[in-house]
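Listed here are the chains, written in short residue letters.
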Amino acid sequence: AQTVTQSQPEMSVQEAETVTLSCTYDTSESDYYLFWYKQPPSRQMILVIRQEAYKQQNATENRFSVNFQKAAKSFSLKISDSQLGDAAMYFCAYRSGGRSNSGGSNYKLTFGKGTLLTVNP
Amino acid sequence: NAGVTQTPKFRILKIGQSMTLQCTQDMNHNYMYWYRQDPGMGLKLIYYSVGAGITDKGEVPNGYNVSRSTTEDFPLRLELAAPSQTSVYFCASSYGRGGPDTQYFGPGTRLTVL
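Top to bottom, those sequences are chains B and U.
For the first sequence, the tail end lands on 121 under the working numbering, and the numbers increase by one without skipping.
For the second sequence, the tail end lands on 114 under the working numbering, and the numbers increase by one without skipping.
Pulled out of the complex, with its shape left as it was, chain B reads as follows (with noise of 0.2 Å):
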C-alpha cells in the first residue's frame, strides 16, 4: 500500500521569502500523479498544484513549483513570496495512475497528514 509523509507539522516563513514543505511517498509503481492541497481556515480543500510522474519536468503555478525527485520519491512544494493568504494547512497527496476495476481512473487518493504553514508579516 501506498503512504505518503509530511514530516514537518508545522513550518513559518517571512512574508515575501521562501519556503519549501517537505513530502516523501512510498510506492512499488512507475505510473502515479502527485498533488498538493491548501487548505486555509476555511477548510476547503483548494488544489495547488499536481505533477505526473511520467514528466521530468517539474510543475509551477505562479509563485507555487515542485521539486519532484522520482528516485528518491520526494516531492517538495516551494512557495515563493510567500503572502499572508498562504497561511493554511498544505496536504500532499498520491494517486495512482492504473485503471480501477472499472476502466475509469483510479479512485484511491492518499494523504499525508499536513503541515500547517505560518506567514509571519
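Certain hints may be false.
Claimed, not checked - For each label pair, taking beta carbons as the anchor points, the in silico distance ranges come out as:
1. U:Asp56 / B:Leu47: 21 to 29 Å
2. U:Pro8 / B:Thr18: 37 to 45 Å
3. U:Pro39 / B:Leu47: 20 to 28 Å
4. U:Pro39 / B:Thr5: 12 to 20 Å
5. B:Arg63 / U:Lys14: 17 to 25 Å
6. B:Gln14 / U:Asp56: 22 to 30 Å
7. B:Thr118 / U:Arg110: 17 to 25 Å
8. B:Phe64 / U:Ile15: 42 to 50 Å
9. B:Glu15 / U:Ser84: 39 to 47 Å
10. B:Arg63 / U:Gly16: 46 to 54 Å
11. U:Ala82 / B:Asp81: 41 to 49 Å
Claimed, not checked - List of simulated lysine-lysine pairs, DSSO-like, C-alpha gap at most 30 Å:
12. B:Lys113 / U:Lys9
13. U:Lys44 / B:Lys113
14. B:Lys55 / U:Lys9
15. B:Lys78 / U:Lys44
16. B:Lys108 / U:Lys44
17. U:Lys9 / B:Lys73
18. U:Lys57 / U:Lys44
19. B:Lys55 / U:Lys14
To be verified - Some chain U residues close to chain B (C-beta under 8 Å, calculated; not the full set):
20. Met27
21. Asn28
22. Tyr31
23. Tyr33
24. Pro39
25. Gly40
26. Leu45
27. Tyr48
28. Ala52
29. Phe90
30. Thr102
31. Phe105
Since the hints were made in silico from the structure, they are not lab data.
Note that beta-carbon positions come from the ideal geometry of N, C-alpha and C, so glycine has one too.
Here the structure of chain B is known, so what remains is to put chain U in place on it, guided by the hints.
Frame of chain B, contents of chain U only:
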C-alpha cells in the same frame, strides 16, 4: 458553476441519532467521493461512486451508507451516530476518465456527536 456543494455546514447529533449529509456537483463528473478528516490527520476515504447506481467502500466505511441515484447527487447516511464519527466530512468529485483526474472538494461538514 457552483462546483461541489455540501449541506449542512455544521451539525450536532446525539448518540444513536441518524442523519444524511448532502452532496451535489454540477460539473458532470462521473466519480464522487466521501472523505472524513479527523483532527491532525489527512483525509480518509469512506465511500466512492464511479457513476449513478454504482458505489463501493473505501478505507473506513463502517457506520455509513451511500446511494447514487443521479450523476449530480451523492448523499452520505449515518445510522446510529457514535462519538467516533465526530469529524469533518468532505465530498469530492472528478471526471474519472484517467490522467491526473483531479478531485475537486466541497466546503465540508463539521459533525459533532455527543
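Which of the numbered hints are not met once you compare them with the structure shown?
-> 5, 6, 14, 17, 19, 20, 21, 24, 28
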